[in-house]
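Q: Chain residues, written in single-letter form:
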Amino acid sequence: MQRIMTGNALVAFLSVVLSLILGGLLIAVTDQEVASASSYFFSRPQDTIAAAWTAASSAYIALFQGSVFNFEGDTFTRMIYPLTQTLTVATPLICAGLGVALAFRAGLFNIGAQGQILIGATFAGWVGFTLHLPVGIHLLLVILAGMVGGALWGGLVGLLKARTGAHEVILTIMFNYIATNLVLYFLSTPAFQRPGSTNPISPQLDATAVYPPLLGASFRLHWGFVVAVLATVFVWWLLNRSTVGFELRAVGANPSAARTAGVNVSKGYILAMAIAGALAGLAGVAQVSGTEKVLTSGVAASFGFDAITVALLGRSSPWGTFAAGLLFGAFRAGGVAMQASTGTSIDIVLVVQSLIVLFIAAPPLVRALFRLPAPGATRAGKGGSSTSTTPTPASTGAAA
Amino acid sequence: MKLELIGITKRFGSLVANDHIDLVVEPGQVHSLLGENGAGKSTLMNVLYGLYDPTEGEILVNDKPVTFKGPGDAMAAGIGMVHQHFMLVPVFTVAENVALGNEATKAGGMLDLQETRTRIRRISDQYGFDVDPDAVVEDLPVGVQQRVEIIKALVRDAEVLILDEPTAVLTPKETDELLGIMAQLKADGKSIVFISHKLREVKAVSDVITVVRRGKVVGTADPSAPTTELASLMVGRSVSLTLDKKPATPGEVTFRVQDLTVQAANGQHVVDGLSFEVAEGEILAIAGVQGNGQTELTEAIMGLQDHVTGSITLNGNQLLGRSVKEVIRAGVGFVPEDRSVEGLVGTFSVAENLILNRYDDAPFAKGLSMSQSAMEQNAQEKIAEYDVRTQSAQSAAGTLSGGNQQKVVMAREFSRPLKLFIASQPTRGVDVGSIEFLHRRIVAERDGGTPVIIVSTELDEVLELADRIAVLYRGHLMGIVPGTVSRDVLGLMMAGMPADEALAQAHDVQGGDL
Amino acid sequence: MSTATTSAPARSASDATVRSWKNPIILSVVALFALLVFAIGAPGNDVTFRLSEENDPIVLPSIVVSAPVIGWVAALAMIALAALAILRTRSGRKIPVWVLAVFAVLFLIAFLTWVVGSARTPNVALYGLLAGSVTLAVPLIFGSLSGVLCERSGVVNIAIEGQLLFGAFAAAVAASLSGSAFVGLLAAAVAGVLVSLVLAVFSIRYVVNQVIVGVVLNVLVSGLTGFLFSAVLSEDSERWNSPPRLPVIEIPLLADIPVIGPILFQQTIVGYLMYIAVAVVYVALYHSRWGLRTRAVGEHPKAADTLGVNVNRMRFMNVLLAGVVAGIGGSFFTLVAVSGFGRDMTAGQGYIALAALIFGRWNPIGAFFAALLFGFATNLSNVLSLLGTPVPDQFLRMLPYVVTVFAVAGLVGRSRAPGASGIPYIKG
Amino acid sequence: GCGAPPAEDAPAAGGSSAAAGTDYLGCIVSDSGGFDDRSFNQSSYEGLKKAETDLGIQTNQAESQAETDFGPNVDQMVQGGCNLIVTVGFLLADTTKEAAAANTETNFAIVDDNSIDLPNVKPIIYDTAQAAFLAGYAAAATSETGKVATYGGINIPTVTIFMDGFAEGVSYFNEETGGEVELLGWDKESQNGTFVGNFEDQAAGKTNTQNFINEGADIIMPVAGPVGSGTLDAVIEANAGGKDVKAIWVDSDGYETAGKGEEFILTSVMKLMGDAVEDVISTDVDGEFDNTPYVGTLENGGVALAPFHDQEANVPDDLQTTLDGLTEQIVAEEITVDSAASPQ
Ligand SMILES: Nc1ncnc2c1ncn2[C@@H]1O[C@H](COP(=O)(O)OP(=O)(O)OP(=O)(O)O)[C@@H](O)[C@H]1O
Ligand SMILES: Nc1ncnc2c1ncn2[C@@H]1O[C@H](COP(=O)(O)OP(=O)(O)OP(=O)(O)O)[C@@H](O)[C@H]1O
Ligand SMILES: [Mg+2]
Ligand SMILES: [Mg+2]
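Chains as they are written, first to last, in my numbering: chain A, 122 to 521; chain B, 212 to 725; chain C, 18 to 445; chain D, 21 to 364.
In case anyone wonders, no lab produced these hints; they're calculated from the structure. Keep in mind that the hints are not guaranteed to be accurate.
[To be verified] FRET-style restraints, in silico, Cβ to Cβ:
{"id": "1", "chain 1": "A", "residue 1": "Asn361", "chain 2": "B", "residue 2": "Ser522", "range": "57 to 63 Å"}
{"id": "2", "chain 1": "A", "residue 1": "Leu252", "chain 2": "B", "residue 2": "Ser522", "range": "32 to 38 Å"}
{"id": "3", "chain 1": "C", "residue 1": "Arg330", "chain 2": "B", "residue 2": "Leu454", "range": "46 to 52 Å"}
{"id": "4", "chain 1": "A", "residue 1": "Ala171", "chain 2": "C", "residue 2": "Leu194", "range": "24 to 30 Å"}
{"id": "5", "chain 1": "C", "residue 1": "Leu125", "chain 2": "A", "residue 2": "Ala328", "range": "26 to 32 Å"}
{"id": "6", "chain 1": "A", "residue 1": "Val150", "chain 2": "C", "residue 2": "Gly365", "range": "50 to 56 Å"}
{"id": "7", "chain 1": "D", "residue 1": "Gly307", "chain 2": "A", "residue 2": "Pro333", "range": "36 to 42 Å"}
{"id": "8", "chain 1": "C", "residue 1": "Leu68", "chain 2": "D", "residue 2": "Pro336", "range": "52 to 58 Å"}
{"id": "9", "chain 1": "D", "residue 1": "Pro336", "chain 2": "C", "residue 2": "Phe412", "range": "38 to 44 Å"}
{"id": "10", "chain 1": "C", "residue 1": "Ile80", "chain 2": "B", "residue 2": "Pro352", "range": "52 to 58 Å"}
{"id": "11", "chain 1": "C", "residue 1": "Pro74", "chain 2": "A", "residue 2": "Ala156", "range": "35 to 41 Å"}
{"id": "12", "chain 1": "C", "residue 1": "Gly365", "chain 2": "A", "residue 2": "Gly257", "range": "49 to 55 Å"}
{"id": "13", "chain 1": "C", "residue 1": "Arg330", "chain 2": "A", "residue 2": "Ala171", "range": "22 to 28 Å"}
[Stated by the list, open to error] Cβ-to-Cβ under 10 Å is the rule here; a few derived chain A residues that face chain C:
{"id": "14", "residue": "Leu261"}
{"id": "15", "residue": "Ile294"}
{"id": "16", "residue": "Ser309"}
{"id": "17", "residue": "Pro311"}
Note that CB positions come from ideal geometry on N, CA and C, so glycine has one too.
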């Protein structure tokens with residue numbers, strides 16, 4: 122933590138700048154105006170450069186306006202609306218990212234957040250639109266159901282890994298596909314459909330089953346964000362201050378030493394995957410009971426996959442993941458606005474995001490690009506701090 | 212071939228591992244390097260072998276300066292090296308290992324293993340190695356693996372052979388055979404650089420001895436010099452090579468192992484029908500060459516092995532079938548043989564490692580919550596008590612030197628009341644000063660009335676600590692002998708001779724050995 | 018001295034085995050299942066497997082079998098084999114490999130007969146079922162070969178998906194612009210290498226966790242191709258995204274052999290390259306100097322280093338080579354399967370390839386068959402849905418994934434990865 | 021290149037806004053298929069673009085990539101001051117309803133959904149089964165092998181309504197003529213059949229089509245957006261291999277829009293969303309917006325069977341006459357084409 126805040130802060134910042142520059146180049150190169158201006162580049166190069174600058178900067182301004190602060194908004198509400206939108210999108214990213222990060226700390230590479238979100242959302246959604254319960258209890262039950270759903274789906278992977286030694290990467294990938302088809306199946310049954318319709322979309326969740334808005338009805342931000350903050354605190358406590366976290370981290374960092382010290386490694390795998398699943402399930406709840414309020418097969422969007430990058434960027438630490446979730450939430454929220462207002466495809470956001478993760482993971486590269494001196498007396502050749510907080514689940518998984 | 216190192220200096224960051232070392236290896240000579248842990252012997256050899264670039268200095272082969280960009284260049288120049296940790300690919304056959312990097316090929320880069328097999332057989336015959344080219348290396352005993360390493364060097368026509376601590380994992384018999392091979396090689400005109408901590412061997416085979424201390428050559432010695440002189444030259448002060456300990460006063464027998472059998476995953480009985488007991492206040496050493504079931508025996512006691520039959524009782528309570536946690540809670544302290552793999556979590560802090568198997572006991576845990584202050588306080592106490600050299604209690608354990616890592620493990624295990632203490636290789640790779648300290652702690656634990664089991668492949672350590680010695684060979688007990696037994700008897704038992712026969716035979720040949 | 022060795026207690030062969038009951042138990046359960054479902058639950062009708070079409074040069078008669086007969090015969094034979102396995106295990110001997118092989122074949126025959134027999138139309142074109150399976154497996158096979166090349170030399174390759182996708186994209190664009198499918202093929206290989214280059218530079222040069230680089234590369238390629246797709250390709254798809262197809266090259270006579278002819282001898286160059294690549298990688302890996310060094314570098318890099326093998330250069334080259342292979346596999350999507358690039362059109366096949374690689378135990382041939390199994394399961398579910406089954410389509414589509422889970426959890430279990438896979442090599 | 025630069029003071033390119041001088045803003049939000057889905061998003065989008073050129077209005081669009089984008093996108097459009105927002109697909113129903121209730125000045129039109137009853141929302145729905153019925157009849161009448169096939173993207177009503185109508189058409193043919201044409205890939209009774217599982221995997225569309233051809237089908241109707249392209253690839257290959265196989269396109273006239281294999285497209289089941297969208301916009305521009313659902317039928321031309329184009333020569337002589345007769349009967353409700361997914 123300390124190190125990330127101080128020594129690497131500059132590298133992180135430069136990584137973001139570098140990625141934005143590369144993304145901007147991509148926007149400029151593919152822009153129509155730039156293309157037409159470049160046809161006479163040699164007679165008037167400034168046109169090309171101006172067009173390129175306009176293309177990239179207008180896209181990024183739109184991105185900023187859509188994610189942080191809209192200075193063209195006519196009311197204060199509209200001005201800060203983008204920021205609340207960022208927090209809304211960040212909510213499921215943070216929850217699922219925590220799940221991926223926690224599993225990572227236990228030495229497991231959890232690619233299955235997508236499926237866990239879906240199953241969690243299905244459980245939560247079903248409780249939300251089928252049961253009719255009093256205020257408070259209903260929402261609690263929805264949250265619980267979502268976590269149980271995710272925990273089952275994740276825990277099953279942990280169980281299979283512990284019992285048979287099957288590789289969790291394969292298992293989680295397969296479980297994602299199975300979950301998608303399972304949800305599609307549920308949505309084709311009357312129990313999950315609206316009365317009188319066979320569309321694969323569930324009824325709206327009861328008013329008692331949804332997260333109340335956090336800042337009033339004019340914002341989409343809901344209490345799910347607070348739950349995400351609480352989840353971050355909880356995961357931080359769990360990993361750093363609890364016996365369970367101690368066990369999980371030991372299993373992740375060195376399974377043989379953990380076993381020798383009396384930790385039940387199999388139980389650790391199951392537990393880690395179940396908790397990871399529960400956190401992803403919480404992301405499902407944020408979607409089904411917070412933002413969307415209905416269950417569809419697309420309710421998880423691609424949050425489960427984005428969560429992997431979020432966790433990696435956050436170096437698998439709870440608050441790192443939280444921060445990465447906010448950043449990616451901003452990119453996503455801003456990206457939608459950017460696409461709507463400038464027509465720049467939101468895919469550029471994926472490019473920028475992944476470049477950021479790559480650059481941050483390789484500080485020597487960024488330092489070399491910006492001609493910064495190497496820090497202190499770190500021995501050459503070592504990846505150094507960049508990879509230290511993340512175990513290598515691929516190797517731990519393949520051993521045994 | 213004449214080999215000359217002139218002014219070799221090697222720095223790792225601020226650490227100077229080799230400091231202007233000069234060394235000459237004449238043809239047909241065995242040149243030994245002596246020095247304590249971390250003196251810089253391996254570093255020097257790695258420089259010579261092209262694995263490290265020297266910071267300064269020059270290497271001359273037959274009076275001509277050479278630069279080695281990698282081991283390939285060194286091998287081409289006629290230098291071969293047998294590393295202490297074998298550099299063999301475990302899943303490859305002998306032939307594949309020998310061929311690697313020096314492949315005989317047919318058209319299109321296809322391997323010609325037949326050619327390699329022929330060469331292996333030729334060398335095998337010449338030196339009486341008896342190595343099957345098609346055996347898979349991981350199935351071979353260490354002694355044979357070492358011969359494979361030597362074959363690798365000879366196949367490449369090495370004129371200078373570097374042997375870095377080659378005898379550490381061998382039985383006395385295998386050691387004798389190796390020394391024989393060295394004599395043959397020398398007779399063939401090859402030069403050998405020999406590194407060993409075992410002064411007796413060094414004296415027996417060397418033509419010249421160079422002593423290294425803290426990266427510098429501190430002198431040369433004649434092989435006929437007395438052992439104590441060599442030792443004090445190494446360490447820089449006079450050393451007492453013996454530990455003074457009171458005779459044991461064994462109490463009640465509280466730990467019993469009966470008819471213990473452990474099956475490995477491949478079905479082999481790695482521990483076979485073992486029975487022994489340990490009394491309070493005595494040290495039972497389990498001797499034997501690495502890989503004869505010691506690891507499995509200690510793991511079986513700890514509940515770390517799966518297919519175990521028989522009985523293990525501590526104070527009348529059955530330990531077999533219990534989980535590791537239950538065994539630990541029953542008061543068994545355990546120092547595993549490989550501290551970095553089983554004893555410590557390298558990325559965890561020293562403080563965390565000091566409670567690695569007590570994290571959920573009071574005072575470190577209240578319910579699910581752990582107490583940082585209790586952990587911190589415990590760390591400060593133990594670091595002071597055991598003189599652990601670490602920057603802080605929060606440093607990652609992996610950054611500590613081997614001796615200090617071992618102190619962390621010991622400190623952890625001794626920090627709770629024990630009913631049984633088991634230590635595997637308690638001082639492997641640990642320097643002389645630390646060894647002395649750790650040995651004294653172990654004896655103190657014995658004197659406090661705890662039954663102690665020490666597993667060690669180092670005869671010196673076994674003889675120093677043990678009140679009684681049990682020798683394991685291929686999972687069988689060769690017998691239990693008193694701690695005062697002679698080195699030769701142990702050597703025979705470690706090679707698979709039952710105790711009574713060994714005692715008889717050693718009596719016959721007494722005085723004829725080294 | 019000689020007495021020392023002879024007096025060592027000799028171990029008898031019989032007590033030296035742990036009796037593993039895993040296989041007999043699995044066989045028994047499956048055999049029982051076969052009895053209940055395939056025999057007792059057999060549909061009463063005949064089942065027809067067609068081997069050729071009427072206007073094929075060589076027409077084979079269809080195989081018509083009675084579902085109950087096949088069900089009972091196979092189930093009883095499987096029970097017999099399971100019993101044999103139990104007996105062998107009880108007496109402490111190994112179960113011969115042929116028992117497992119015959120068991121698997123019987124299961125497959127009984128299962129096929131049962132599912133097709135239960136369909137509304139109990140009549141299936143076996144040649145089509147198999148040909149479709151191979152088609153679906155082609156990109157998987159290229160992908161898993163790419164994985165083999167990387168992992169065997171010690172680099173985990175999660176970026177197969179990205180390599181395939183970028184290969185598909187580059188092939189579509191280059192072929193459209195140049196008007197030549199072969200230029201597209203070349204571009205695909207180059208694109209695969211580009212992805213590999215990033216993987217290699219970051220994971221080998223900068224020692225970034227290989228899994229992280231792989232995952233991020235997939236996102237990067239997905240974003241990049243998606244962006245270019247909407248910004249460039251869709252704007253003028255006539256110019257950018259209408260690649261010509263690779264021609265199908267028929268090998269005379271051989272292509273006319275029923276069932277296997279179209280699979281083996283009626284392919285595009287990519288199809289032939291696939292068979293060649295599997296064979297070449299297999300032979301080279303186990304019988305060439307390059308293969309020996311590759312495996313050494315992946316198992317014990319330090320040992321290879323001390324013998325003068327440049328570990329990181331070896332890894333670098335292999336990762337790049339893997340890019341060529343996966344890139345060509347990617348071209349299958351746009352030059353063979355369909356004509357044109359679509360957003361994220363590889364649809365996770367790179368991950369399935371990864372599964373095939375592990376299921377195939379890091380062996381090119383194993384990966385080949387694992388990929389085929391997956392292709393078969395997928396196409397079987399396709400065919401079943403069109404023949405008409407009572408199983409909802411969502412469950413049919415789960416079939417390949419469920420099969421993979423069972424295969425990985427039940428049959429493969431703890432598989433042994435190359436010793437140094439995923440671990441960067443830092444010299445000195 | 022080094023062409024000549026435009027004069028410094030030339031007006032910015034693409035000044036369509038100046039042309040009609042209206043400041044009416046028509047907007048559209050796609051569902052997650054995007055505007056290039058060769059299906060309802062694309063048709064609706066083209067309707068809006070047509071309104072732009074024909075009526076001189078301004079337009080804006082927002083493409084959704086995931087369901088989470090719906091809310092923000094609709095919101096962006098509302099904030100952008102759109103007069104009318106077309107939302108595409110039933111998945112946008114809740115979002116549309118919410119936005120419409122909150123922004124009563126803005127008008128909405130939603131394609132393929134009839135669940136919203138608000139004064140400022142106009143549902144646009146289609147009785148696609150009617151046109152698909154004709155396609156099924158035409159396929160059955162044209163098939164040489166006596167087997168025809170259909171498959172879908174995902175098992176949802178807007179897809180299965182095509183398949184139901186097609187199935188009805190085939191069985192009507194069998195009843196009327198005593199034929200025994202078999203339909204593969206869809207069982208209307210159990211509402212179960214062949215689906216790709218998405219609207220993207222063209223290769224899966226191709227494999228499925230090859231399976232159909234292997235089982236003897238010679239006319240295949242994919243109801244799967246861009247996946248149908250895979251069917252065309254398979255059909256082109258099969259014809260190159262000496263078979264006589266045809267495809268039936270859906271949504272638009274594939275002869276004009278599919279971009280390849282036109283010569284093998286027997287006909288298309290057209291769901292003319294573009295026209296409806298343009299219509300709704302033009303009534304709104306005229307200030308005559310109403311919220312009565314628009315139901316596209318054979319009668320009002322909202323759905324139709326495309327001409328046979330190149331396939332004219334391959335269909336039975338009297339088929340067009342028969343189809344015209346069937347159309348009349350359906351319009352006159354003498355034949356009812358029922359589907360579980362038909363608009364109620
Ligand atoms: N790669 C390295 N990086 C940093 N320091 C190193 C490295 N290799 C060795 N050292 C340090 O250099 C010193 C000399 O180590 P070396 O291995 O040469 O000792 P040695 O004499 O072989 O000891 P031993 O008797 O234990 O084998 C030690 O302090 C060691 O910690
Ligand atoms: N990168 C490093 N950083 C710090 N210490 C190191 C490093 N590499 C090695 N060491 C230390 O240097 C010492 C010697 O390392 P080395 O690997 O050479 O072992 P060795 O026992 O001397 O091996 P050999 O005798 O087989 O050459 C060990 O104590 C090890 O902990
Ligand atoms: Mg050394
Ligand atoms: Mg050493």
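Q: Now, for every hint given, state plainly whether the structure supports it.
A: Hints, verified against the model:
no.: 1; hint: Asn361/A x Ser522/B: 57 to 63 Å; in the structure: violated (42 Å)
no.: 2; hint: Leu252/A x Ser522/B: 32 to 38 Å; in the structure: violated (56 Å)
no.: 3; hint: Arg330/C x Leu454/B: 46 to 52 Å; in the structure: holds (51 Å)
no.: 4; hint: Ala171/A x Leu194/C: 24 to 30 Å; in the structure: holds (28 Å)
no.: 5; hint: Leu125/C x Ala328/A: 26 to 32 Å; in the structure: violated (54 Å)
no.: 6; hint: Val150/A x Gly365/C: 50 to 56 Å; in the structure: violated (29 Å)
no.: 7; hint: Gly307/D x Pro333/A: 36 to 42 Å; in the structure: holds (40 Å)
no.: 8; hint: Leu68/C x Pro336/D: 52 to 58 Å; in the structure: violated (34 Å)
no.: 9; hint: Pro336/D x Phe412/C: 38 to 44 Å; in the structure: holds (40 Å)
no.: 10; hint: Ile80/C x Pro352/B: 52 to 58 Å; in the structure: holds (56 Å)
no.: 11; hint: Pro74/C x Ala156/A: 35 to 41 Å; in the structure: violated (53 Å)
no.: 12; hint: Gly365/C x Gly257/A: 49 to 55 Å; in the structure: violated (41 Å)
no.: 13; hint: Arg330/C x Ala171/A: 22 to 28 Å; in the structure: violated (45 Å)
no.: 14; hint: Leu261; in the structure: violated (31 Å)
no.: 15; hint: Ile294; in the structure: holds (5 Å)
no.: 16; hint: Ser309; in the structure: holds (7 Å)
no.: 17; hint: Pro311; in the structure: violated (13 Å)
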